[in-house]
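Read top to bottom, the protein sequences are chains A and B. When we follow our numbering, the leftmost residue of the first sequence carries the number 1, and every step to the right adds one. When we follow our numbering, the leftmost residue of the second sequence carries the number 1001, and every step to the right adds one.
Keep in mind that a hint or two might mislead.
Stretch by stretch, here's where chain B covers chain A in the computed footprint (C-beta under 8 angstroms, at least three residues) [what the hints assert, rightly or not]: (1) 36 to 47; (2) 54 to 68; (3) 531 to 540; (4) 566 to 574; (5) 676 to 686.
Derived from the structure by calculation, the hints contain no laboratory data. Even glycine gets a Cβ: it sits at the ideal position worked out from N, Cα and C.
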Amino acid sequence: MAAPMTEGPDPAALEAWAGDEEQATKPEEPSLSAGEWLSRNLFSSAVNSLLTVVFSLLLVLVLRGLLNFMFSEERTWRAVKTNMRFLFTHAYPQSQYARIWVCIGVIAVLSGLSVGLLARTGGGISMKKLSMNLMAAGALIALGILLREPSAAVGADGRAIHRSGAEARGDSFVDWLDANALTVLGLLVLANVLLAAWFHHRGTYLQVATEPRVAHGVLVLASLGVLIGQQYATGEVVRESFAEAMADRAWWWLAAVVLVGAGAALWAGLGDARRRNTFVPAMYVFFAGAGLMVLSAWVYPWGHYAFLEGEFIAEPGSTVAMTTKLPWTVIWILLVATFELGRAIKGTRVGPRLRVPLNLLWVMTPFVLYWAVLRDPDLDWAHVMSTDIPMAVFFAVFGGLVVWYLAHPRIGETGRVVAVGLLLVAVLNWVAAFFGWYPMLQKARISFLLLAVVAMLAHNFAGDRSQRMKLVAAWVAAMAVFHWLVTLVNSPSTVDTPTDALIGGFGITLIVAVFTLLLSFPLGVLLALARTSKLPIFRVLSTAYIEVFRGVPLITLLFFFTLIFNLFLPQNMTLVDIAGATIGFSLFSAAYLAENVRGGLQAVRRGQYEASDAVGFTTVQRTLFIVLPQALRVSIPPLVGQVIATFKETSLLAVVGIFDFLRIADKVISAQSEFLGVKREGLLFVSFVYWIFAYNMSKYSQRLEKRLGVGER
Amino acid sequence: MSNTDQATLAATQSQRPPFYRDATVVKWLAQVFALVLVVFALFFLTTQALENLNRQGIEIRYDFLGIGLGSDLREGIDTDPDTAGRALWAGAVNTIRIAVGGIIAATILGVLVGVGRLSSNWIVNRMCSVFIETLRNIPLLVQIVFIWALVATFPDLELDQGPVNGLLHISNKGLSVPRVHIDDGFYQWMIFIALGSLAGWYVKRRQDRRHDATGRDTYPVGSFLGVVAVFGAVGWVAHPIFGWVGAIFDFIGGAYSSLTQVVVQVLLSLAALAAAAWWIRRFLARLRTPAGLMKLTDDDKFRIIFAGVGALAFIAFVLVVWPGLSSWIINSGTDLFEVIANKFGDGRTGRPIDIKRPDIQQLGNFPNPGPAGLSLTQGGTAVFFGVVLYTASFIAEIVRGGILAVPKGQTEAAQAVGLRRVTMLRRVILPQAFRVILPPLGNQYLNLTKNTSLAIAVGYSDFVQVGQIVYNQTGKTLEVISLWMLFYLACSLTISVIVNFFNVRMKIVER
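One chain only, chain A, in its complex shape:
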């Protein structure tokens, strides 16, 4: 296997990863005229022309089907609009909704800062691409307007007016076309085949160029005309005329014209090719789009639809509710402001130093947001003062002293003895817990175990005074956070929800995905290390784990952990469904992560191991400082792939009866009295949201792969 990082931590690659380096721009492709482009890409040979004809027909049919599906009178999109809160948070109480906005706000601030700090100075979307995309979007909308079925005339009951079969068969040309559309299309395709054969026979492809293109093009446009015209046949449903349909879609025409106009203006305004290649940061385009959306919430009458406390609200004419548009506006401002702030401090001395704390904050955020903000714990202050704080202080001080002592560079054998002694105490604590010998808070046992592990590892991090100070500070901080979180987790929540999951819908999807990642990542790395280890028992255990968990479907694991895992726990312990499901997801995901990391570990060259041995590193030091950083870097793209997979797999929560995004669209909305049996609209919306997230992550991973040069082995 060829190692991609042959030179170890290559500084240039590192810089690229950090995102500071401006990417070398690709050599500009020669710009072709529209005719040249067509003959090269669509009509270069007889077979190619036929493929073009058949596939463009297919495309038009698919597009038409999709549009007619989406804009049909029978679609109840109101069901989705009304149930937005359900879809995203399920039954999270209305009165506490500010907590949700706070969470989104915190994430917006962190993302803005991170993206601002990491943003590349150059690069982004080129003006050329931007203007072309704008024009293409406009053209697509125009095509969609033409292709879409005309609306049906609606009766007093809100349903389309139907006619009897005999009445439906009119004798106009359009009616004839409607009846014979397939035949006509077939004939047109046949004509194309004959044309292709004829021109191929004469050998005029590419040489004479224009004739075959024009001929095929005319036939393709004729097919398009047949398909559009066919829709205006009245058939069994009474439909509006072409003029009425176009007038109805005036807003869409306006949008198409504005988009095309903006694109064209951009293109024309940037005259020469050199200026077309200037770049706009991608984030600005995103901010502009999001800003337009937020602005439209204040201006455009989207209507106010909601399902609040058992009542359906539908006010078609008004703008979006204040409780929706105000938070989004604030969040948008926060995002832009923090992005600018990040960019501003990036150049200063503070910028690079902020990266590590920011990453730590990202890891902490899910815990804090979930337990401290969303859950609103009801702290028992007497207990906190009498037990929690003293215990935290004790472990911080005692552990700090131990770490300070054991990280002494010349501690030698004594350190090991002390560490093993601590480990024995920690193990004894758990043995005592098993036999119920002496009561002790579980928190203390875990703290002892953590201390023992840190003590065992301490000599690997030994160093001078400042190094030891850092270690002690890290320990104290870790203890503070750990005890605080455990206290929060142990306090009952004041938020009152009907299910035992605090939040449902897309919220639970995100929360489970994030916690799954946080849990499975360390486990996956450990498994990968064990699997590549030279020690046979570790290897066998890890291999068995990985193969078993990769061999069974995720759904069986989820059933195991939600249905019967409580049987395996001591009597006074129960695991709620959502925690069980998260454990199931994590164990499953860890097996896959381990395989990805193993790939990275195998890419680390032997010389790296030998060099670290030569310097006298211990195994732990070698693994932590030499092997893992290189291995993880190589496996970033597959790891992102695994993140996407985990995100998609969270939809399985619906099967084990948790009210996640999918289940609400599938089961909850379709059971509401107002929207009985309305499923497809919600499911389409769910697909769309999943798609947005997964697609952008996969694009990001592809860019990352290119930047890291992993793909070019």
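Once you've looked at the hints, dock chain B against the given chain A.
Using the frame of chain A, we list chain B on its own:
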């Protein structure tokens, strides 16, 4: 240097460190410690489970498999099963059916889309990318549920309108197409086919040699297929003459059932010992240097001891922990031979295969596409198209990557030699691309098989859904989940064995 210094030096060199600083000992201690920890954790969880079950008065037993099941399945080989075991078997067949069909369909679609993604035609290229990027970024479960909801809106089928006979049938009850049906004389006919393949293989080898010797086109594959076709045609009429084959299996089954439990136990124990001995021998042989010297480190000794202990543990398992295993092996083996003997029964004189057209009828509680055509219910349609489309989008990317991985020089060289485009693809590009494609393709097949378990969301009677019915009725959740895992592990193992087989073959071809 003084004498004493040298003495100390020698002493330090010869002397082993104390055991707690000895790398080998510490290493093995750490491993044994980890093993003990894992075993203890499992032990702890198991004892808890047993205790909790005892408290609720439940036992872990598998006898529910023989008890009747009070509900019907929606589709499968047996929609009204007598026992839970039979129902699970029908579910397993449904899973395998949809997995095999799905693998074939997904491969074809995936390869087409993957090649289309590389097309120089802009519109084909773009449509294939849109196909891939759309389908693989939407969770499979969402797709399956959506297709299910979509099928529900297809034209309603009147059940009292009688059998529907056509080539393709689509309604809100599901989908049905004509299918090839295995008829009476199929297995006897297969003997002809097997003989034909043998003869065909011989002919093919001869034609290959003639081609190598003379360089002329001898059509080896064509002649192979021809010979097989001739044998098949003869067998179509003559297959009843193999009616006596069943008697052989009857005899083997009878001999097998007369084995006693002790014999099987002894055989299993001997096999375990032999395996351990074989492993140790091979291990030692690998360490043997050309000079015949052997140096055993402590690690090696530990390994050998572990192999022995493992074999002894297996023997203890067979003899003490589960003595019933041997009689189970005997019983199931006997049953198997009986079934095989029955397939070759003397009275089977009908046609080997038959083609049947779709036919919808009401069976059990559910409107059920009849046994005639190849049918899928609403749920089956959703699962099938869901897994096929989803997996195809991944396979397409793999195929594209595989073709791109073939160096450009190969294409240019093939063109320089003057190969035709099709020959170049068949002989140069695809064999090399296939080598890159195969391992990830195997993974996709595995994923597809596991993903069929999502059928539970739309009520297709696959192994998991039937399992859910069973534990809802019997309360045997733990047992059913263990059966699920074993079944899917077996499926995964089978697929990876098959893929590995081809993988190894491809590697040999490469060198």
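Results of checking the hints against the structure:
1. By the rule of at least three residues with a Cβ nearer than 8 angstroms to a Cβ of chain B, the coverage given for the stretch 36 to 47 of chain A holds, with 3 such residues.
2. Beta-carbon proximity to chain B at under 8 angstroms applies to 4 residues in the stretch 54 to 68 of chain A; the threshold of 3 is reached and the given coverage holds.
3. Counting residues of the stretch 531 to 540 of chain A whose CB lies closer than 8 angstroms to any CB of chain B gives 4, which reaches the minimum of 3, so the coverage claim holds.
4. Closer than 8 angstroms: that is the beta-carbon criterion, and the stretch 566 to 574 of chain A has 5 residues meeting it against chain B, so the requirement of 3 holds.
5. Closer than 8 angstroms: that is the beta-carbon criterion, and the stretch 676 to 686 of chain A has 5 residues meeting it against chain B, so the requirement of 3 holds.
The structure fails none of the hints (numbered hints given earlier).
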